[in-house]
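A.B. asks: Each chain, letter by letter, is given below.
Number of protein chains: 2
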Amino acid sequence: MMESREIQLKRRPVGTPAADDFAMVEVPVPAPAAGEVQVRNLWMAVDPAMRGRMSDAKSYIPPFELDAPMEGPAIGEVLASGDPGFAPGDLVFSRLGWREVFNAPASMLQQRDRKALPTQAWLCFAGMPGLTAYAGLIRIATLKPGDVVFVSAASGAVGSIACQIARNLGHKVIGSAGGAEKTAFLRDVLNVDAAIDYKAEPSLTKALAREVKAIGASGIDVYFDNVGGDHLQAALALANNFARFAICGMISQYNVTDAPTVPRNLTMLMTKRIRMEGYIALDHMDLEAAMVAQMTGWNAAGEMASAETVYDGIERALDAFHGLFTGANIGRTMVRLA
Amino acid sequence: MMESREIQLKRRPVGTPAADDFAMVEVPVPAPAAGEVQVRNLWMAVDPAMRGRMSDAKSYIPPFELDAPMEGPAIGEVLASGDPGFAPGDLVFSRLGWREVFNAPASMLQQRDRKALPTQAWLCFAGMPGLTAYAGLIRIATLKPGDVVFVSAASGAVGSIACQIARNLGHKVIGSAGGAEKTAFLRDVLNVDAAIDYKAEPSLTKALAREVKAIGASGIDVYFDNVGGDHLQAALALANNFARFAICGMISQYNVTDAPTVPRNLTMLMTKRIRMEGYIALDHMDLEAAMVAQMTGWNAAGEMASAETVYDGIERALDAFHGLFTGANIGRTMVRLA
Chain F
1 MMESREIQLK RRPVGTPAAD DFAMVEVPVP APAAGEVQVR NLWMAVDPAM RGRMSDAKSY
61 IPPFELDAPM EGPAIGEVLA SGDPGFAPGD LVFSRLGWRE VFNAPASMLQ QRDRKALPTQ
121 AWLCFAGMPG LTAYAGLIRI ATLKPGDVVF VSAASGAVGS IACQIARNLG HKVIGSAGGA
181 EKTAFLRDVL NVDAAIDYKA EPSLTKALAR EVKAIGASGI DVYFDNVGGD HLQAALALAN
241 NFARFAICGM ISQYNVTDAP TVPRNLTMLM TKRIRMEGYI ALDHMDLEAA MVAQMTGWNA
301 AGEMASAETV YDGIERALDA FHGLFTGANI GRTMVRLA
Chain H
1 MMESREIQLK RRPVGTPAAD DFAMVEVPVP APAAGEVQVR NLWMAVDPAM RGRMSDAKSY
61 IPPFELDAPM EGPAIGEVLA SGDPGFAPGD LVFSRLGWRE VFNAPASMLQ QRDRKALPTQ
121 AWLCFAGMPG LTAYAGLIRI ATLKPGDVVF VSAASGAVGS IACQIARNLG HKVIGSAGGA
181 EKTAFLRDVL NVDAAIDYKA EPSLTKALAR EVKAIGASGI DVYFDNVGGD HLQAALALAN
241 NFARFAICGM ISQYNVTDAP TVPRNLTMLM TKRIRMEGYI ALDHMDLEAA MVAQMTGWNA
301 AGEMASAETV YDGIERALDA FHGLFTGANI GRTMVRLA
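Residue numbers (this note's numbering), protein chains in the order written: chain F, 1 to 338; chain H, 1 to 338.
Source of the hints: derived by calculation from the structure; they are not laboratory data. Take these hints with a grain of salt, some might be off.
Note that the list lumps identical chains together, so a pair holds whenever it fits in one copy or between two copies.
SDA-like cross-link-like pairs, simulated, lysine to any residue; straight-line CA separation at most 20 Å [said to hold, decoys possible]:
{"hint": "1", "residue 1": "Lys-172", "residue 2": "Gly-216"}
{"hint": "2", "residue 1": "Lys-206", "residue 2": "Lys-272"}
{"hint": "3", "residue 1": "Lys-272", "residue 2": "Glu-303"}
{"hint": "4", "residue 1": "Lys-115", "residue 2": "Ala-301"}
{"hint": "5", "residue 1": "Lys-115", "residue 2": "Leu-42"}
{"hint": "6", "residue 1": "Lys-199", "residue 2": "Asn-299"}
{"hint": "7", "residue 1": "Lys-115", "residue 2": "Gly-323"}
{"hint": "8", "residue 1": "Lys-10", "residue 2": "Asp-83"}
{"hint": "9", "residue 1": "Lys-172", "residue 2": "Leu-318"}
{"hint": "10", "residue 1": "Lys-58", "residue 2": "Arg-264"}
{"hint": "11", "residue 1": "Lys-115", "residue 2": "Thr-296"}
{"hint": "12", "residue 1": "Lys-199", "residue 2": "His-171"}
{"hint": "13", "residue 1": "Lys-115", "residue 2": "Arg-316"}
{"hint": "14", "residue 1": "Lys-58", "residue 2": "Pro-88"}
{"hint": "15", "residue 1": "Lys-58", "residue 2": "Ala-237"}
{"hint": "16", "residue 1": "Lys-272", "residue 2": "Gly-229"}
{"hint": "17", "residue 1": "Lys-58", "residue 2": "Thr-267"}
{"hint": "18", "residue 1": "Lys-58", "residue 2": "Gln-294"}
{"hint": "19", "residue 1": "Lys-272", "residue 2": "Ile-251"}
{"hint": "20", "residue 1": "Lys-172", "residue 2": "Ser-81"}
{"hint": "21", "residue 1": "Lys-115", "residue 2": "Ile-61"}
{"hint": "22", "residue 1": "Lys-272", "residue 2": "Ser-252"}
{"hint": "23", "residue 1": "Lys-10", "residue 2": "Lys-213"}
{"hint": "24", "residue 1": "Lys-206", "residue 2": "Met-1"}
{"hint": "25", "residue 1": "Lys-272", "residue 2": "Arg-51"}
Put together the whole structure using the sequences plus the hints.
C.D. replies: Here is the structure:
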């Protein structure tokens, strides 16, 4: 019988999750039953939304159960199969991360093409972050030729892909991130046209105005928002008429309990005829095949940079998760499990 | 030679416009030259946007000129014509309000059907307020069967028409207005399903939740916003998933210089996948013919109530304009000029 390790949620965290809220547990994994498949996870990804599922709050995804392994996107290989649709060696995507080896009904696994892309790309630019960036720009913001694109949290898992999609489609891209290391990454790896270190700018609106001018634009046409707050205010201030804002996240606002101080210029929506739309990638799974085809082509042409911060081993999975909140990580935060 | 009276802007008002900022001037009107048409205005309308044009601020419409008659929507009849496209007795729309009789190039006049509708309807439900309400609901909010519609400033020029369009199309409508007289108008004349007197409610969000429940709905699907601020916050709080907000105005925000205190729940855009879009009716003139046809049909069927506050005579035009800002007027504010 196989042995596996998994991270279980033992207690719902209050505030910052503490070590005692979790336990790494060794569990036996029997041979898969009929209709089941045994998988060894190769990579898992962590994301901030997992914090929400550790709590009991109502959301569009149910909370994690206590005394059970947590869940999250993972890519693994089939070790043994009790289902005719899967064979040893197959590469499979599941939402059964936070564990090394597991049996699952075949219906919970999705085949992935082993040769098309680097394995971990299925959790990054060809996975949900890729779909999130793609749906936001293409469907929600209805990106069109000539649009100038502004991306906040541009060094993050989704933002880094949004920058590359827009750039690969021929748009001028302005990215915002916090700190010199991240803005260097935006310029040198993602090849954006302009990078703003928001931590170094007394006024984000003035900084965006300066960079808009520097790239020879009159304003921004598309804003890919991961941040909200003062980034949203700057985007409203610099928007061209008929700009479209895809609201993917508003991380600056999640823990705000006081009255907001920004944005104070929402009336721009009207005078500039701006469309602002929130969305969740899960509603846009119909775009997945087109997104993967596009990403596969760009990857083959050397036009998709890997944007990942990698932790090694399931014993570092919680470090990886905590790393999301320190602001240190660049790109998708991944754990290599095998 | 005809004599006419007109209201000229003499000085750009600071704050609330004062009597000295304007002058009523008598002017002679000669016979129309070739290519010109002589018109006697029958009705003019005043609206809050005129305050903006009295100032020098940059906007999508240029400011009024000093020592010249102000402009605004008017409907009049042709007295004499130097242009083959117009004949005495024709009903014409122009943007040459604030004056009684005038000559204008034929290109500044548009024919209106004398028999289809009551004369002043061309400035109300078959005019720009009608187009604003229609474009906002039909194109911007993409109203669809079963949508529950919330309208703020529902007793106003545009809001009163938005309520009636939504009601005539079979939607449940919740309207908000300030004071018992206006909410009685919403219920008794506009036949909305629920009316909120926002001045009498300590929490607009609680009031909207109560009325949503009272009409047997789970939330609102469309918000027609004239107000912004706490109305927008309540609409975000009570929105169903995939709600659409047409941002027509944000009158609560125009004079706000401090940091805003509301809305503090913009993250709802994302969790509820809300689309919020600002617009200006002038961008949607292509819908005018469809709107007029729809309104003409409803009017013939007795399904469009007149929503007007009428002042008599050009000498009362400034009173009419001031009345816009006291909150006393219901529906479109009109001046009968002849």
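A.B. asks: Next step is simple, just say for each hint if it's right about the structure.
C.D. replies: Each hint tested on the structure:
| no. | hint | verdict |
| --- | --- | --- |
| 1 | Lys-172 with Gly-216 | within (10 Å within a copy, 49 Å between copies) |
| 2 | Lys-206 with Lys-272 | within (19 Å within a copy, 31 Å between copies) |
| 3 | Lys-272 with Glu-303 | neither (34 Å within a copy, 34 Å between copies) |
| 4 | Lys-115 with Ala-301 | within (15 Å within a copy, 67 Å between copies) |
| 5 | Lys-115 with Leu-42 | within (15 Å within a copy, 76 Å between copies) |
| 6 | Lys-199 with Asn-299 | neither (32 Å within a copy, 59 Å between copies) |
| 7 | Lys-115 with Gly-323 | neither (31 Å within a copy, 72 Å between copies) |
| 8 | Lys-10 with Asp-83 | neither (32 Å within a copy, 86 Å between copies) |
| 9 | Lys-172 with Leu-318 | neither (37 Å within a copy, 49 Å between copies) |
| 10 | Lys-58 with Arg-264 | between (29 Å within a copy, 19 Å between copies) |
| 11 | Lys-115 with Thr-296 | within (10 Å within a copy, 64 Å between copies) |
| 12 | Lys-199 with His-171 | neither (25 Å within a copy, 48 Å between copies) |
| 13 | Lys-115 with Arg-316 | neither (28 Å within a copy, 79 Å between copies) |
| 14 | Lys-58 with Pro-88 | neither (39 Å within a copy, 68 Å between copies) |
| 15 | Lys-58 with Ala-237 | between (34 Å within a copy, 14 Å between copies) |
| 16 | Lys-272 with Gly-229 | both (19 Å within a copy, 18 Å between copies) |
| 17 | Lys-58 with Thr-267 | between (31 Å within a copy, 15 Å between copies) |
| 18 | Lys-58 with Gln-294 | neither (35 Å within a copy, 43 Å between copies) |
| 19 | Lys-272 with Ile-251 | between (25 Å within a copy, 16 Å between copies) |
| 20 | Lys-172 with Ser-81 | neither (48 Å within a copy, 54 Å between copies) |
| 21 | Lys-115 with Ile-61 | neither (32 Å within a copy, 58 Å between copies) |
| 22 | Lys-272 with Ser-252 | between (24 Å within a copy, 18 Å between copies) |
| 23 | Lys-10 with Lys-213 | neither (52 Å within a copy, 39 Å between copies) |
| 24 | Lys-206 with Met-1 | neither (62 Å within a copy, 58 Å between copies) |
| 25 | Lys-272 with Arg-51 | between (36 Å within a copy, 19 Å between copies) |
Going down the numbered hints, you'll see the structure goes against 3, 6, 7, 8, 9, 12, 13, 14, 18, 20, 21, 23 and 24, while the others check out.
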